[in-house]
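These protein sequence lines are chains R and C, in that order.
For the first sequence, the working numbering assigns the number 13 to the initial residue and increments by one for each residue that follows.
For the second sequence, the working numbering assigns the number 132 to the initial residue and increments by one for each residue that follows.
Be careful, since some hints might not be right.
Calculated pairs, DSS-like style, for lysine-lysine (alpha carbon to alpha carbon, straight line, at most 30 Å) [to be verified]:
(1) C:Lys368 x R:Lys158
(2) R:Lys136 x C:Lys368
(3) R:Lys158 x R:Lys136
(4) R:Lys246 x R:Lys52
(5) C:Lys325 x C:Lys306
(6) C:Lys368 x C:Lys273
In case anyone wonders, no lab produced these hints; they're calculated from the structure.
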Amino acid sequence: MKEPGTFPIHDSKIEALRVWRVHFSYNGSPVLRDVNFDVKPGTFSVVLGRNGSGKSTLFRIIVGMLRPQSGTVSVFGRTFHDLSLRERTRLLGFLPQHHHAVFPFAVEDVVLTGRAAWVGLMPKEEDRRAALEAMERLGIGHLRGKPYTALSGGEQQLVLIARVLAQNPRLLLLDEPTSHLDFVNANRLLALVRESLCPHMTVVAILHDPNLAFRHGTHFLFLVDGTIVQLPEKTPPWDRHWLSRVYGMAVETVPYGDRAFVVPR
Amino acid sequence: MPLRIRQILVFGLPGPLLVVSLFLGPADSIRALEVMQWFGAGLGVADGPENAELVGAIVWDIRIPRIVLTFLVGGSLAASGASLQAVFRNPLVSPYILGLSSGAALGAALAMATARLPVYPSAFFFGMFAVGCSYVLGRVGKTVSSVSLVLSGVIVSGIFTALLTLVQFLTDPFKLQTIVHWTMGNLHNADWKKLRDSWPFLMAGFVGLFLLRWRMNVLALGDQEAWAVGVHPEREKILILIPASLSASASVAAAGVIGMVGLVVPHMVRMMLGPDHRLGIPACFAFGGGFLVLVDDLSRVLTAFELPIGIFTTLVGGPFFIYLLRRSRLGWEA
Numbered sequence: 013m014k015e016p017g018t019f020p021i022h023d024s025k026i027e028a029l030r031v032w033r034v035h036f037s038y039n040g041s042p043v044l045r046d047v048n049f050d051v052k053p054g055t056f057s058v059v060l061g062r063n064g065s066g067k068s069t070l071f072r073i074i075v076g077m078l079r080p081q082s083g084t085v086s087v088f089g090r091t092f093h094d095l096s097l098r099e100r101t102r103l104l105g106f107l108p109q110h111h112h113a114v115f116p117f118a119v120e121d122v123v124l125t126g127r128a129a130w131v132g133l134m135p136k137e138e139d140r141r142a143a144l145e146a147m148e149r150l151g152i153g154h155l156r157g158k159p160y161t162a163l164s165g166g167e168q169q170l171v172l173i174a175r176v177l178a179q180n181p182r183l184l185l186l187d188e189p190t191s192h193l194d195f196v197n198a199n200r201l202l203a204l205v206r207e208s209l210c211p212h213m214t215v216v217a218i219l220h221d222p223n224l225a226f227r228h229g230t231h232f233l234f235l236v237d238g239t240i241v242q243l244p245e246k247t248p249p250w251d252r253h254w255l256s257r258v259y260g261m262a263v264e265t266v267p268y269g270d271r272a273f274v275v276p277r
Numbered sequence: 132m133p134l135r136i137r138q139i140l141v142f143g144l145p146g147p148l149l150v151v152s153l154f155l156g157p158a159d160s161i162r163a164l165e166v167m168q169w170f171g172a173g174l175g176v177a178d179g180p181e182n183a184e185l186v187g188a189i190v191w192d193i194r195i196p197r198i199v200l201t202f203l204v205g206g207s208l209a210a211s212g213a214s215l216q217a218v219f220r221n222p223l224v225s226p227y228i229l230g231l232s233s234g235a236a237l238g239a240a241l242a243m244a245t246a247r248l249p250v251y252p253s254a255f256f257f258g259m260f261a262v263g264c265s266y267v268l269g270r271v272g273k274t275v276s277s278v279s280l281v282l283s284g285v286i287v288s289g290i291f292t293a294l295l296t297l298v299q300f301l302t303d304p305f306k307l308q309t310i311v312h313w314t315m316g317n318l319h320n321a322d323w324k325k326l327r328d329s330w331p332f333l334m335a336g337f338v339g340l341f342l343l344r345w346r347m348n349v350l351a352l353g354d355q356e357a358w359a360v361g362v363h364p365e366r367e368k369i370l371i372l373i374p375a376s377l378s379a380s381a382s383v384a385a386a387g388v389i390g391m392v393g394l395v396v397p398h399m400v401r402m403m404l405g406p407d408h409r410l411g412i413p414a415c416f417a418f419g420g421g422f423l424v425l426v427d428d429l430s431r432v433l434t435a436f437e438l439p440i441g442i443f444t445t446l447v448g449g450p451f452f453i454y455l456l457r458r459s460r461l462g463w464e465a
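Can you make the complete structure from the sequences, with help from the hints?
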C-alpha cells in the first residue's frame with residue numbers, strides 16, 4: 013500500500029481541501045451559512061474569527077463528525093462523505109481541542125494509537141517504528157516511556173502532534189493547538205508545524221491570536237458570523253480596517269518588518 | 132521492581148496457586164497428605180491413601196471443577212471490568228457498578244424460574260441490556276461524566292435487583308432456594324456440568340476481549356481522539372461491550388453475583404503493569420482468576436461454614452472502591 017506522503021501532492025490542480033456551499037444549522041438556528049473556500053496543497057492556512065463564529069463547527073463538519081444540511085467537503089478531489097471513516101482518516105488527520113487524559117498511558121502507546129487507521133486488531137513492528145520515527149522528528153524520543161499524564165501541556169501537545177504524524181495523513185486540521193501553551197511553546201509548536209510538516213502535509217489550523225497566525229501561517233481564512241468573508245484584493249490580512257471588521261472591534265496595527273502587529277484599541 | 136519481574140509475578144503466580152488449592156479444604160474432610168498420596172498413586176510412584184475412593188471423589192469431582200470454574204469466573208470478571216473501564220474512560224466502573232451483573236442475574240433467574248429460557252443467553256441478553264441502559268441514562272447531551280455514569284449504573288442495578296427479588300417472590304419455594312443461594316455468589320456447588328455449560332461462553336467472551344485489547348487503548352483516549360484516527364467510537368464501544376457482557380454475564384450465570392473483582396483487579400494490574408491493555412487484558416484474566424481462587428481458598432479454610440464468596444469479595448472490595456473514589460476525584464467537576 014502506498015503511503016499518502018509519497019503522492020505528488022504539489023499537483024496544484026487538485027485542492028487539498030474544498031469546502032463547497034456548506035450550510036449547517038443546529039436546533040434551527042444557522043451556524044454556518046454558505047461556506048466556500050479552497051486550501052492549496054502544502055500550505056499552512058489559518059482560520060481566524062471570534063468565538064462562536066463557527067470555526068470549531070466547521071472543523072467538525074470537515075472531519076465528518078457533523079453532517080451539514082447541504083454542501084460538500086472534498087479532500088484531494090474526493091468527496092468526503094462517500095469515503096469510509098478509515099479511508100478518510102488516511103487522508104485527513106485531526107487534532108481535537110484540549111484532550112483530557114484519564115489513564116496514564118506511556119507516551120509511546122499514545123502515539124501508537126495514531127496508527128489505528130492502518131492496522132487491524134494489533135499494531136505491528138512497522139507501526140511501532142512509525143510511532144518512534146514521529147517522536148524523533150519532533151524531538152520527543154526521550155519521552156517515550158513516560159506517562160502521558162505526567163507531561164507538561166507543551167509536551168502533551170507535541171505527543172498528540174506526533175500521534176498525527178504517525179497517522180501520516182495528507183491534510184491536517186488543528187483546532188486551537190496553542191490554547192494551553194505558553195508564549196514560547198506556542199511559537200515553537202507552530203514553527204515546528206510549518207517547518208517539519210509543510211509542505212509534505214497541508215495544515216489548516218484554528219488560532220485565536222492573529223499575531224501568532226500572521227507570524228506562522230501562509231494563508232488566512234476569516235470566518236464572521238458563520239460565513240467566510242473574502243479579503244479584498246491588494247489588502248494585507250493585517251490591515252486594521254479589515255481586522256476591525258472581522259473581530260467587530262476597533263484594532264490598531266503597528267508595522268513590523270513586512271507585516272504588522274495587531275493590538276486592540 | 133523491574134517490569135519483567137512484575138509480569139512474571141502476575142502471570143506466573145496463579146499457576147502454583149491453583150496446584151496448592153487442590154490440597155486445601157475444610158480441616159475435617161481430607162488431609163493434604165492424602166491428596167498427595169492419591170496423586171502419587173495416579174502417577175504410579177506411591178501407594179494410594181486408605182480412603183482412596185473418597186479422596187478421588189473430592190479431588191476430581193469437587194475440587195478440580197471448582198478451582199477451574201473459580202479461575203475462569205475471576206478472570207472473566209476482571210477482564211470484563213478492565214474493558215468496561217477503558218470503553219467508558221472511567222476507572223470507577225465494573226460489571227457490578229454498571230448493572231451488568233444484576234441484569235445478568237435477572238436474566239439467569241428468569242431462565243431458572245421459568246425453565247423455558249436458556250440460562251446463559253438469557254443472562255447475556257439482560258446483562259447487555261442493563262449496561263446499555265446505564266450508558267444511555269448516564270448521558271447528558273453528548274458526554275457521559277464519570278459520576279453520572281456511576282449513578283445511572285446504581286439506579287439501573289437497583290431496578291434489576293428489584294425485579295430479581297420480584298422473580299424470587301413469585302417463584303415456588305423449591306426453586307427459590309436454589310436461586311437465592313446462587314445470587315449470593317458462591318462456588319461451592321461447582322461441578323463438571325456447570326463447568327461444561329459455562330466454559331464456551333466464558334472463553335468466547337475472553338477471546339473477544341483479547342482480540343480487541345489494543346482497540347481499547349484507542350478508545351480509552353476519548354471519543355474525538357478515536358474518531359480522529361479512524362475508530363468510530365460508538366460502534367467500537369458496542370463491539371467491545373459484546374464480549375465484555377458475555378464474560379461477565381456468563382460468570383454471573385455460573386457463580387452468581389460476585390462483586391468487586393471486576394473493579395479491584397483491573398486497578399491492581401494497572402498499578403503493577405501500567406495501563407496498556409495489550410498486556411493488561413491477559414494479565415487481568417490471569418490475576419483475576421488467581422485472586423478469586425485465593426479468596427475462595429480463604430473462604431474454604433478459614434470458616435467452618437462456607438461463606439458465599441460474593442459476600443467475601445464485596446467486604447474486601449467496598450472499602451477499596453471508596454479509597455479510589457476519594458483518591459482520583461475523577462469527574463466530579465464534569
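Against the structure, the hints come out as follows:
Proposed proximity of Lys368 (chain C) and Lys158 (chain R) is supported: the alpha carbons are some 27 Å apart, at most 30 Å. For the hint linking Lys136 (chain R) to Lys368 (chain C), the alpha-carbon distance of about 23 Å falls within 30 Å, and the restraint holds. For the proposed pair Lys158 (chain R) and Lys136 (chain R), the alpha carbon gap of about 21 Å is at most 30 Å, so the pair holds. The hinted pair formed by Lys246 (chain R) and Lys52 (chain R) meets the criterion: a straight-line CA distance of about 19 Å does not exceed 30 Å.
Only pairs whose Cα atoms come within 30 Å are accepted, and Lys325 (chain C) paired with Lys306 (chain C) is accepted, the gap being roughly 17 Å. Pair hint Lys368 (chain C) plus Lys273 (chain C) holds up; C-alpha atoms about 15 Å apart against a cutoff of 30 Å.
Violation of the numbered hints given earlier is absent; every hint is satisfied by the structure.
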